[in-house]
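S.K.: Under the numbering used here, the residues of the sequence shown are numbered 306 to 778, in order.
Please keep in mind that the hints were generated in silico from the structure rather than gathered at the bench.
Among the hints, erroneous ones may be present.
Here are the simulated lysine-lysine pairs, BS3-like style, with alpha carbons at most 27 Å apart [to be verified]: (1) K512 x K460; (2) K512 x K425; (3) K575 x K773; (4) K743 x K773; (5) K677 x K743.
Here are the computed distance ranges between Cβ atoms for each label pair [claimed, not checked]: (6) R618 x G702: 19 to 29 Å; (7) E464 x E654: 48 to 58 Å; (8) V476 x R712: 46 to 56 Å; (9) D778 x P572: 49 to 59 Å; (10) E703 x L581: 21 to 31 Å; (11) T492 x E654: 58 to 68 Å.
By construction, the Cβ of each residue, glycine as well, lies at the ideal position given by its N, Cα and C atoms.
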Amino acid sequence: MFIIEAAAAVLAAVSVAPEPIPTLLITGHNNHNWQYTSRVHADTLRATGRFDVTITDDPARTLADGAALGAYRLFVLDYNDIHEPRRWGDAAERNFIAAVEGGVGVAAIHAANNSFPGWKDYERMLGLMWRDGTGHGRVHEFGVEFVDRDHPITKGMAEFTTRDELYHDLVNSQNARYSLLARAMSTSESGGSGKHEPMAFTLSFGKGRVFATPLGHVWVNAEDTKSSITTPGFRTLLVRGAEWAATGAVTLPAEWRDTRTHNTLSPEEKAAGWRLLFDGESTAGWRAYRRPALPDNTGWSVTHSELAYAPGRAGGDIMTAAQFGDFELSTEFKVSPGGNSGIIYRVTEDHDYPWQTGPEFQILDDLRHGDKAKATTRTGSFYDVFGCAFDTGRPAGEWNHARIVCRGGRIEHWLNGFKVVDVDLASEEYKAAHARSKWTRMPAFATRARGHIALQDHGDPVWFRNIKVRSLD
Numbered sequence: 306m307f308i309i310e311a312a313a314a315v316l317a318a319v320s321v322a323p324e325p326i327p328t329l330l331i332t333g334h335n336n337h338n339w340q341y342t343s344r345v346h347a348d349t350l351r352a353t354g355r356f357d358v359t360i361t362d363d364p365a366r367t368l369a370d371g372a373a374l375g376a377y378r379l380f381v382l383d384y385n386d387i388h389e390p391r392r393w394g395d396a397a398e399r400n401f402i403a404a405v406e407g408g409v410g411v412a413a414i415h416a417a418n419n420s421f422p423g424w425k426d427y428e429r430m431l432g433l434m435w436r437d438g439t440g441h442g443r444v445h446e447f448g449v450e451f452v453d454r455d456h457p458i459t460k461g462m463a464e465f466t467t468r469d470e471l472y473h474d475l476v477n478s479q480n481a482r483y484s485l486l487a488r489a490m491s492t493s494e495s496g497g498s499g500k501h502e503p504m505a506f507t508l509s510f511g512k513g514r515v516f517a518t519p520l521g522h523v524w525v526n527a528e529d530t531k532s533s534i535t536t537p538g539f540r541t542l543l544v545r546g547a548e549w550a551a552t553g554a555v556t557l558p559a560e561w562r563d564t565r566t567h568n569t570l571s572p573e574e575k576a577a578g579w580r581l582l583f584d585g586e587s588t589a590g591w592r593a594y595r596r597p598a599l600p601d602n603t604g605w606s607v608t609h610s611e612l613a614y615a616p617g618r619a620g621g622d623i624m625t626a627a628q629f630g631d632f633e634l635s636t637e638f639k640v641s642p643g644g645n646s647g648i649i650y651r652v653t654e655d656h657d658y659p660w661q662t663g664p665e666f667q668i669l670d671d672l673r674h675g676d677k678a679k680a681t682t683r684t685g686s687f688y689d690v691f692g693c694a695f696d697t698g699r700p701a702g703e704w705n706h707a708r709i710v711c712r713g714g715r716i717e718h719w720l721n722g723f724k725v726v727d728v729d730l731a732s733e734e735y736k737a738a739h740a741r742s743k744w745t746r747m748p749a750f751a752t753r754a755r756g757h758i759a760l761q762d763h764g765d766p767v768w769f770r771n772i773k774v775r776s777l778d
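With the sequences and hints as input, model every part of the structure.
M.R.: Quick look at the structure:
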């Protein structure tokens with residue numbers, strides 16, 4: 306009897322993780338920086354392990370497939386067409402409304418409430434909209450306070466401070482019934498209304514539950530606004546609101562955290578030819594530039610399953626022991642405030658420094674470092690040659706995802722899901738850009754067909770994880 310009771314107690318203590326919520330993140334058009342916000346929101350949701358996120362940058366096409374929408378339990382809205390009208394089309398809009406009325410949840414973020422003036426069902430679904438008379442003061446720091454602490458979304462959460470845009474005088478054009486969860490004071494000193502404004506609320510739309518927040522403003526080419534969606538308070542509010550919208554309950558903790566396992570390969574990655582360059586436990590496979598190993602007192606170390614550089618000890622650039630010709634590299638990185646680093650590839654050891662032969666994927670704190678002023682030296686750039694096509698770099702201290710693809714003379718840089726550099730080293734475009742750069746003094750630069758992959762010591766703390774490569778030879 307004792308053994309049976311003990312076994313039952315053990316089984317009861319084991320928590321079975323619920324199945325991830327199939328989620329469609331709807332984006333692709335916004336007068337805000339949707340290329341940045343959409344991918345950060347997706348990572349915020351995925352990191353909890355609770356959401357299986359699919360992103361559509363073309364909702365008119367995706368939503369037109371009514372049968373496919375049956376796979377989802379949650380829609381996340383990061384779409385706004387008020388600046389340039391772009392409706393989804395009759396079929397897509399009917400399918401969207403029918404899905405929510407049938408029970409699919411909705412989480413609407415910031416300028417999603419600007420969209421589709423005159424679409425009454427959409428306005429009734431979201432309730433409080435940006436319409437004539439709505440405004441905001443300057444971006445500033447303010448506190449978000451909860452008015453309903455018993456709702457599953459807010460229960461146990463700490464109130465928080467954020468630096469954001471604070472909408473005032475949102476319009477309830479369809480007299481939708483909503484339940485207020487959180488508010489903030491819109492001070493007259495900040496250019497606001499002088500009264501409390503709603504910051505989070507819930508609604509019902511048929512069988513569907515809706516969570517909405519006007520928080521999360523990130524403007525285009527405005528680096529100082531990017532932290533509005535990376536603060537722990539915002540992230541916690543978003544994931545708990547999204548879970549409630551999808552399920553009617555909240556199981557996620559009252560503080561957002563990344564629960565993913567890092568430095569591993571999935572069966573699909575293994576089948577596709579990927580291999581780890583960093584195992585999360587050691588510096589095996591890495592050595593100093595032009596040296597057979599890492600020095601004993603190196604500033605490079607493995608900390609919290611991350612390959613990290615800390616100043617104050619012997620540093621120098623490190624590189625893979627292996628060489629690569631045509632390849633695809635995938636990694637995550639974060640840099641310290643004011644920091645600078647880089648990933649240099651196709652490096653050979655016949656010069657004093659890796660950057661004399663290898664092109665560089667720049668890593669930078671684009672808010673604080675002086676190099677932010679030049680497009681060709683911002684995060685993701687082909688350093689000092691080509692800037693980025695999109696502004697998708699994340700703030701210092703936040704993890705970014707980098708991909709580098711080399712096929713012959715064709716070079717691609719990808720940053721947080723977007724191809725930001727695409728160049729042929731034999732093209733006239735490259736020759737002209739190279740002629741404007743400092744590399745004209747270094748004739749071996751970007752001429753190697755094969756070489757090592759190096760991580761740069763620029764004197765600032767930097768961290769890497771999930772470093773993976775596959776050969777394209």
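S.K.: Between E464 and E654, does the beta-carbon spacing fit 48 to 58 Å?
M.R.: Holds: the Cβ-Cβ distance is about 55 Å, inside 48 to 58 Å.
S.K.: For T492 and E654, compare the CB-CB distance with the range 58 to 68 Å and indicate the outcome.
M.R.: With a Cβ separation near 59 Å, T492 and E654 satisfy 58 to 68 Å, so the hint holds.
S.K.: Quickly compare the C-alpha distance for K677 and K743 to 27 Å and report which way the hint goes.
M.R.: Holds - the C-alpha atoms of K743 and K677 are around 17 Å apart, at most 27 Å.
S.K.: Between E703 and L581, does the C-beta distance stay in 21 to 31 Å?
M.R.: Holds, at about 23 Å.
S.K.: Quickly compare the C-alpha distance for K512 and K425 to 27 Å and report which way the hint goes.
M.R.: holds, 18 Å
S.K.: Quick check on a hinted range of 46 to 56 Å for V476 and R712, using CB atoms only.
M.R.: holds, 52 Å
S.K.: Given the hint of 49 to 59 Å, check if D778 and P572 actually sit that far apart at their C-beta atoms.
M.R.: Given a distance of about 23 Å, which is not inside 49 to 59 Å, the answer is violated.
S.K.: Take the C-alpha atoms of K512 and K460, compute the straight-line distance between them, and say whether it is at most 27 Å.
M.R.: The given pair, whose Cα atoms are some 23 Å apart, holds under the 27 Å limit.
S.K.: Taking 27 Å as the top limit, are the C-alpha atoms of K743 and K773 close enough?
M.R.: Distance ~30 Å between K743 and K773 Cα, so the pair is violated.
S.K.: Given a hinted range of 19 to 29 Å, is it respected by the beta-carbon distance of R618 and G702?
M.R.: The hint (19 to 29 Å, Cβ to Cβ) holds, given that R618 and G702 are roughly 22 Å apart.
S.K.: Would the pair K575 and K773 pass a check requiring their Cα atoms to be no farther apart than 27 Å?
M.R.: Satisfied, since the Cα-Cα distance of roughly 11 Å is no more than 27 Å.
Hint compliance for this structure: hints 4 and 9 are broken, all remaining hints hold.
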